[in-house]
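Number of protein chains: 4
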Amino acid sequence: MIIKMKEQATKKEYEKIVAYLESRHFEIKDVSSEHIMVFGVIGDTSSIDPHDLYAFQGVGEITRVSTPFKKASRSFKRGDTIINLGKGVQIGGDQFIVMAGPCSVESEKQLMKIAENVKKAGAHILRGGAYKPRTSPYSFQGLEEEGLKLMRKVGDQTGLFVISEIPSADLLPLFETYVDIIQVGTRNMQNFHLLKALGKAKKPVMLKRGMSATIEEWLMSAEYIMAGGNEQVILCERGIRTYERYTRNTLDISAVLAVKELSHLPIIIDPSHAAGRWNMVEKLSLASLAVGAHGLMVEVHHDPEHALSDGAQSLKINKFKTMMTEIDKISQVLGKRHL
Amino acid sequence: MIIKMKEQATKKEYEKIVAYLESRHFEIKDVSSEHIMVFGVIGDTSSIDPHDLYAFQGVGEITRVSTPFKKASRSFKRGDTIINLGKGVQIGGDQFIVMAGPCSVESEKQLMKIAENVKKAGAHILRGGAYKPRTSPYSFQGLEEEGLKLMRKVGDQTGLFVISEIPSADLLPLFETYVDIIQVGTRNMQNFHLLKALGKAKKPVMLKRGMSATIEEWLMSAEYIMAGGNEQVILCERGIRTYERYTRNTLDISAVLAVKELSHLPIIIDPSHAAGRWNMVEKLSLASLAVGAHGLMVEVHHDPEHALSDGAQSLKINKFKTMMTEIDKISQVLGKRHL
Amino acid sequence: MIIKMKEQATKKEYEKIVAYLESRHFEIKDVSSEHIMVFGVIGDTSSIDPHDLYAFQGVGEITRVSTPFKKASRSFKRGDTIINLGKGVQIGGDQFIVMAGPCSVESEKQLMKIAENVKKAGAHILRGGAYKPRTSPYSFQGLEEEGLKLMRKVGDQTGLFVISEIPSADLLPLFETYVDIIQVGTRNMQNFHLLKALGKAKKPVMLKRGMSATIEEWLMSAEYIMAGGNEQVILCERGIRTYERYTRNTLDISAVLAVKELSHLPIIIDPSHAAGRWNMVEKLSLASLAVGAHGLMVEVHHDPEHALSDGAQSLKINKFKTMMTEIDKISQVLGKRHL
Amino acid sequence: MIIKMKEQATKKEYEKIVAYLESRHFEIKDVSSEHIMVFGVIGDTSSIDPHDLYAFQGVGEITRVSTPFKKASRSFKRGDTIINLGKGVQIGGDQFIVMAGPCSVESEKQLMKIAENVKKAGAHILRGGAYKPRTSPYSFQGLEEEGLKLMRKVGDQTGLFVISEIPSADLLPLFETYVDIIQVGTRNMQNFHLLKALGKAKKPVMLKRGMSATIEEWLMSAEYIMAGGNEQVILCERGIRTYERYTRNTLDISAVLAVKELSHLPIIIDPSHAAGRWNMVEKLSLASLAVGAHGLMVEVHHDPEHALSDGAQSLKINKFKTMMTEIDKISQVLGKRHL
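Chains as they are written, first to last, in our numbering: chain A, 1 to 339; chain B, 1 to 339; chain C, 1 to 339; chain D, 1 to 339.
The hints are simulated quantities; they were obtained by calculation from the structure and are not laboratory data. Incorrect hints may have been included.
[Unchecked claim] Non-contacting residues of chain D with respect to chain A, defined by C-beta distances greater than 10 Å in every case (computed):
#1 Glu7
#2 Glu15
#3 Ala19
#4 Glu27
#5 Asp30
#6 Val31
#7 Phe39
#8 Ser75
#9 Gly79
#10 Gly122
#11 Gly159
#12 Lys203
#13 Gly276
#14 Asn279
#15 Ile317
[Claimed, not checked] When the alpha-carbon atoms are kept at most 30 Å apart in a straight line, the in silico BS3-like pairs for lysine-lysine are as follows:
#16 C:Lys11 to C:Lys336
#17 A:Lys87 to A:Lys149
#18 B:Lys71 to C:Lys6
#19 B:Lys16 to C:Lys200
#20 D:Lys316 to C:Lys11
#21 A:Lys316 to C:Lys316
#22 A:Lys109 to B:Lys12
#23 C:Lys202 to A:Lys336
#24 D:Lys87 to D:Lys260
#25 D:Lys120 to D:Lys321
#26 C:Lys12 to C:Lys87
#27 C:Lys71 to C:Lys153
#28 D:Lys321 to A:Lys29
#29 D:Lys77 to C:Lys196
#30 A:Lys260 to C:Lys316
#31 C:Lys12 to B:Lys71
#32 D:Lys29 to D:Lys6
#33 A:Lys12 to B:Lys109
#34 D:Lys329 to A:Lys16
#35 C:Lys316 to C:Lys113
#36 D:Lys203 to C:Lys196
#37 C:Lys109 to C:Lys260
#38 A:Lys329 to C:Lys77
#39 A:Lys203 to A:Lys113
#40 A:Lys77 to D:Lys6
Ideal placement from N, C-alpha and C gives every residue a C-beta, glycine not left out.
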């Protein structure tokens with residue numbers, strides 16, 4: 001951590017903060033120039049919120065030198081984290097995984113029809129929302145526990161693993177019973193109460209990036225889960241909020257490269273939520289593969305026009321099949337394993 | 001709701017979506033021109049997520065005509081909502097309320113010292129965090145239940161009402177026992193599970209604006225609480241995220257005017273979190289008063305340099321007193337009631 | 001254009017704005033419901049700035065139905081615009097074009113070395129800045145006219161077309177003399193004085209997207225050039241500003257898909273400025289190809305560490321060669337023509 | 001400047017960049033810890049674009065310690081810059097200045113009517129656009145030179161100083177002839193060619209903040225003008241782009257406090273462009289006064305509904321008078337001088 005004092009700071013102000021930091025057992029190295037007092041703070045500064053130190057009179061600017069996340073960082077673990085779901089399905093490493101399914105679970109019939117088809121087309125994991133985070137209290141809120149049971153049932157019958165979004169810490173036992181991967185939605189990325197609970201969960205967690213979160217904040221949220229003991233974390237980029245309105249969000253495709261540099265955790269892309277338009281999903285999926293993501297989460301529906309949510313961004317089944325064929329072709333050129 | 005078809009849309013596509021909407025009992029009024037098909041959808045469209053309709057082939061753009069929130073809207077209730085805490089303290093209307101106190105409750109001694117002083121200077125409500133939403137799992141997380149108990153005790157002894165932030169729905173009984181106003185933090189603004197629970201709470205709720213939420217999204221979150229039956233909602237603007245880095249967030253002071261136009265709910269400002277720098281708090285507070293906010297939430301600490309969190313943005317006690325004097329002077333010119 | 005009145009608007013206010021619009025020869029179609037007055041404005045509304053109409057008392061919200069750009073729109077011209085530079089080099093359509101070269105022209109020797117190498121590796125166009133828009137007045141500002149002459153000379157000797165950025169309208173004659181494509185930089189995207197001058201230019205113009213411009217604003221800037229008579233416009237996505245700091249900007253890869261839907265103009269991607277880190281350039285280039293861009297603009301330097309600007313994002317020559325080989329492989333799978 | 005190497009950086013990489021910086025006569029101070037190499041660069045680093053140094057292999061993160069602007073900084077000049085227009089009108093210091101007038105000059109009659117009224121109400125400076133930066137080439141573009149002449153004539157007859165926006169460097173002689181203050185619009189804040197020309201101008205320059213510029217970038221643009229020799233620069237905050245759509249832009253009122261800390265230059269606020277809604281202008285003006293701005297720029301029109309541009313945000317004349325009365329009252333409490 002580097003601390004730069006204000007130009008008008010006094011020697012006394014400088015000494016006060018230095019004394020405080022030394023009392024907390026940090027080593028101080030001075031880098032002052034003629035015009036400005038600057039010093040480095042050596043030691044494990046991860047317990048300091050730099051923001052708090054601004055309370056000291058005369059402090060100008062504080063810059064972290066080490067990353068605030070530890071267990072999530074590439075320096076903590078050099079090799080890639082690979083999450084083994086069993087039956088040869090892995091997330092991370094060389095494999096390119098595809099999660100597909102409806103936005104919301106609507107009925108057993110709907111779910112089965114979609115599941116059978118995405119399985120046939122090559123998907124590995126079935127997605128489906130049981131508890132839906134809708135911006136309006138007057139919109140369809142999901143089938144809740146019933147939805148989770150259907151996910152499990154249909155997953156077992158089709159041979160797909162299942163993933164669904166958890167809305168709150170108190171529902172964790174239910175999710176541990178019914179799903180293979182627990183998803184944290186974009187609006188809960190900094191629901192620290194939930195993240196702490198997931199640190200004790202026995203299932204892998206897929207953490208979606210907050211709508212306007214930086215990559216550092218996202219990795220800090222992963223750190224919350226890992227600090228609790230659960231190191232099975234998958235990151236999912238799903239578009240960030242920008243001024244652009246033509247797409248629902250802006251897919252930050254470079255985040256794949258940044259995450260792979262900073263962390264050992266696998267990262268997949270959700271082009272459906274990013275674009276919010278089904279006709280962009282195929283091309284964005286190919287770009288995700290080309291940039292090096294570990295997989296995709298895609299919304300698929302057999303009848304998007306009558307879907308209870310997010311029909312706009314759902315691929316019809318035959319479009320999904322075409323996309324999977326294209327993915328196969330490019331995977332081969334790139335040397336990616338794809339079941 | 002106005003639906004504009006794409007230029008290349010066919011008559012058949014137009015008829016399909018029209019038929020669907022008519023089957024849901026909406027009235028359709030055509031406004032097409034020579035080059036483009038456009039129509040209005042008349043009826044209560046609040047149950048439709050416009051996004052879902054994009055699933056229909058040929059749909060170009062959908063625009064809401066009525067606001068998606070109802071109970072929170074000015075058209076639902078013309079007069080201002082005024083929340084009566086008792087002892088003459090009201091939030092809303094002509095009164096300018098001041099909530100003050102430390103970022104975190106650290107000890108009884110600390111809390112009492114600050115509470116006595118802010119009370120003397122004219123504050124009405126004691127703020128203090130018991131469950132702290134920290135970005136790092138390695139930072140101080142708050143005294144939790146013990147902190148809530150101290151808030152109640154010190155509030156009672158000093159004659160201040162108390163407000164504290166709730167982290168999760170399952171802690172609601174605890175908060176209903178100990179605090180007078182339950183605060184929802186910026187990171188939980190769209191924690192719909194929590195909002196639904198608060199719809200059943202017997203205490204007023206103060207809802208902070210999400211870090212990058214629009215005013216419409218914020219009011220939709222208020223709607224969640226009100227839809228559940230709890231109409232005692234206070235809004236709190238606390239700065240939004242922008243590219244600017246000199247301040248922690250950017251105080252959106254115009255939000256006060258927008259909210260007062262769109263809604264009947266009271267709105268207060270938190271200049272401490274907005275700026276993240278204590279030396280900006282006084283001036284921003286005066287501006288908040290001048291623009292017409294119903295009150296302030298300000299962080300005050302007797303020893304900010306050793307505060308366990310957010311010292312940087314906490315006013316020292318004598319600075320707070322000076323600020324309150326300035327507020328008094330301007331209140332008088334503006335004809336605002338200030339205890 | 002759809003105009004929705006405020007709920008509290010009076011019949012008289014409604015009639016006033018309707019009368020005004022009818023006096024300007026627009027046709028009005030009413031779509032009012034019981035609670036709210038709404039109407040459509042039929043005719044060529046491109047000369048109306050919707051913002052201006054808010055001056056009428058009682059106006060609530062105004063929504064454009066037709067796009068504000070005409071000549072740049074897909075409905076003006078169904079087929080793709082293809083810009084022929086000669087010698088079989090085209091921008092647009094099926095070809096995937098590569099522009100490469102240093103950020104700044106530094107000397108003839110430097111430029112020649114880089115040009116020969118990028119030509120050998122398969123690039124079609126040489127990029128190089130002569131007038132550099134630097135954020136600091138104390139940084140290297142470019143070789144100016146001398147730089148343009150070197151571009152021409154080296155371009156001719158190596159058989160590459162040349163592109164360079166114009167800083168101001170009064171330098172247009174110089175650019176028309178020396179370069180094959182005139183580039184408008186991100187900071188000048190809404191320099192309307194310059195855009196109008198380029199409307200009269202005899203050379204194609206490459207228009208970079210403004211750092212925080214929407215796609216609609218970007219196409220409106222293209223419209224300025226086309227309205228003046230110059231329809232040879234290429235769009236270049238170069239990353240937009242977001243909160244993310246790890247990358248210099250955030251590459252908006254979906255913009256390629258949006259532009260191709262809304263417009264007939266070709267669109268290329270500049271991954272160097274988007275990422276600001278050379279080690280992300282190759283993967284982002286492959287993603288750009290996969291998503292369907294018409295080409296790339298890439299910074300290449302033989303000695304990035306001593307480049308006078310933007311070394312951080314410049315590829316070394318052998319990295320550029322590797323990248324071109326990868327592009328070739330994927331181009332074949334995708335059926336793209338690549339010289 | 002502090003340079004932190006990547007964790008995996010080698011000793012050799014460290015030595016290479018250190019050697020390079022020493023060759024440029026900077027002094028190096030090492031602050032490395034056990035796990036990470038970090039060093040300070042001492043000397044005048046304003047000629048280095050930190051971004052360029054990332055080209056060196058192994059460089060992790062670079063942080064400026066001194067501000068990149070010099071002449072614009074508070075450390076260059078402790079006291080406030082005060083711009084004297086004559087006749088007792090000053091911008092900066094204790095005076096609260098009001099600039100008012102129409103968005104566009106439309107005719108002599110219109111301009112005279114508005115000018116006489118704003119003068120009577122207490123304004124000091126007449127604003128009016130002659131060259132209008134419109135987003136559509138099909139909108140009214142201004143009266144151009146004729147407009148400037150009218151500004152001068154009406155200014156002289158009413159005893160108001162005049163300000164108008166310059167679109168391009170080649171029009172500087174015209175502006176030096178006709179106006180008292182030359183305005184740089186938000187879209188030209190980084191038109192460095194124009195800024196350099198204004199460095200040689202003999203008139204004060206008012207520099208509007210770019211729509212998504214940081215305060216540092218804004219002050220760097222001021223630095224461009226000052227570096228050329230013209231130190232008469234006024235800053236104008238006019239709202240920044242955020243996700244919020246209810247207001248046209250988001251007024252960053254804290255920017256006043258930030259600028260006053262970082263710089264000696266005066267700063268005024270334009271609430272009309274910030275809000276884009278006339279009914280917010282009065283309250284935002286009072287807040288601007290309360291926060292400590294040096295003045296206001298406000299759009300006023302006698303007939304906003306038929307204004308050729310920006311009627312939505314223009315105050316009617318009697319509203320402007322009411323506002324000026326409110327400003328007077330609060331000025332007195334705050335001890336601000338107001339003519």
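Hints, one by one, checked against the model:
1. Glu7: violated (5 Å)
2. Glu15: Fine: 18 Å to the nearest Cβ keeps D:Glu15 off the interface.
3. Ala19: holds (19 Å)
4. Glu27: Nearest chain A Cβ is 8 Å from D:Glu27, so the label is violated.
5. Asp30: violated (8 Å)
6. Val31: violated (3 Å)
7. Phe39: Nearest chain A Cβ is 8 Å from D:Phe39, so the label is violated.
8. Ser75: violated (5 Å)
9. Gly79: D:Gly79 is indeed farther than 10 Å from all Cβ atoms of chain A, at 14 Å.
10. Gly122: holds (37 Å)
11. Gly159: holds (41 Å)
12. Lys203: Since the minimum Cβ distance to chain A is about 31 Å, D:Lys203 lies beyond 10 Å and the statement holds.
13. Gly276: holds (15 Å)
14. Asn279: holds (25 Å)
15. Ile317: holds (35 Å)
16. C:Lys11 to C:Lys336: Status violated; Cα separation ~59 Å.
17. A:Lys87 to A:Lys149: This hinted pair holds, its Cα atoms lying about 22 Å apart.
18. B:Lys71 to C:Lys6: holds (17 Å)
19. B:Lys16 to C:Lys200: violated (46 Å)
20. D:Lys316 to C:Lys11: holds (22 Å)
21. A:Lys316 to C:Lys316: Violated, at roughly 44 Å.
22. A:Lys109 to B:Lys12: holds (28 Å)
23. C:Lys202 to A:Lys336: violated (47 Å)
24. D:Lys87 to D:Lys260: holds (26 Å)
25. D:Lys120 to D:Lys321: holds (9 Å)
26. C:Lys12 to C:Lys87: Given pair C:Lys12, C:Lys87 is violated - Cα atoms ~65 Å apart, limit 30 Å.
27. C:Lys71 to C:Lys153: violated (35 Å)
28. D:Lys321 to A:Lys29: With a Cα-Cα distance of about 60 Å, the restraint between D:Lys321 and A:Lys29 is violated, given a limit of 30 Å.
29. D:Lys77 to C:Lys196: Since the Cα atoms of D:Lys77 and C:Lys196 sit roughly 41 Å apart, the hinted pair is violated (cutoff 30 Å).
30. A:Lys260 to C:Lys316: holds (22 Å)
31. C:Lys12 to B:Lys71: It holds: about 28 Å lies between the C-alpha atoms, which stays within 30 Å.
32. D:Lys29 to D:Lys6: holds (17 Å)
33. A:Lys12 to B:Lys109: holds (28 Å)
34. D:Lys329 to A:Lys16: violated (43 Å)
35. C:Lys316 to C:Lys113: holds (12 Å)
36. D:Lys203 to C:Lys196: Measuring from Cα to Cα gives roughly 27 Å; hence the hint holds.
37. C:Lys109 to C:Lys260: Between C:Lys109 and C:Lys260 the Cα gap is close to 39 Å, so the pair fails against 30 Å, i.e. violated.
38. A:Lys329 to C:Lys77: Violated - the C-alpha atoms of C:Lys77 and A:Lys329 are around 33 Å apart, more than 30 Å.
39. A:Lys203 to A:Lys113: Holds, at roughly 27 Å.
40. A:Lys77 to D:Lys6: Distance ~15 Å between A:Lys77 and D:Lys6 Cα, so the pair holds.
In this structure, the hints that do not hold are numbers 1, 4, 5, 6, 7, 8, 16, 19, 21, 23, 26, 27, 28, 29, 34, 37, 38, in rising order.
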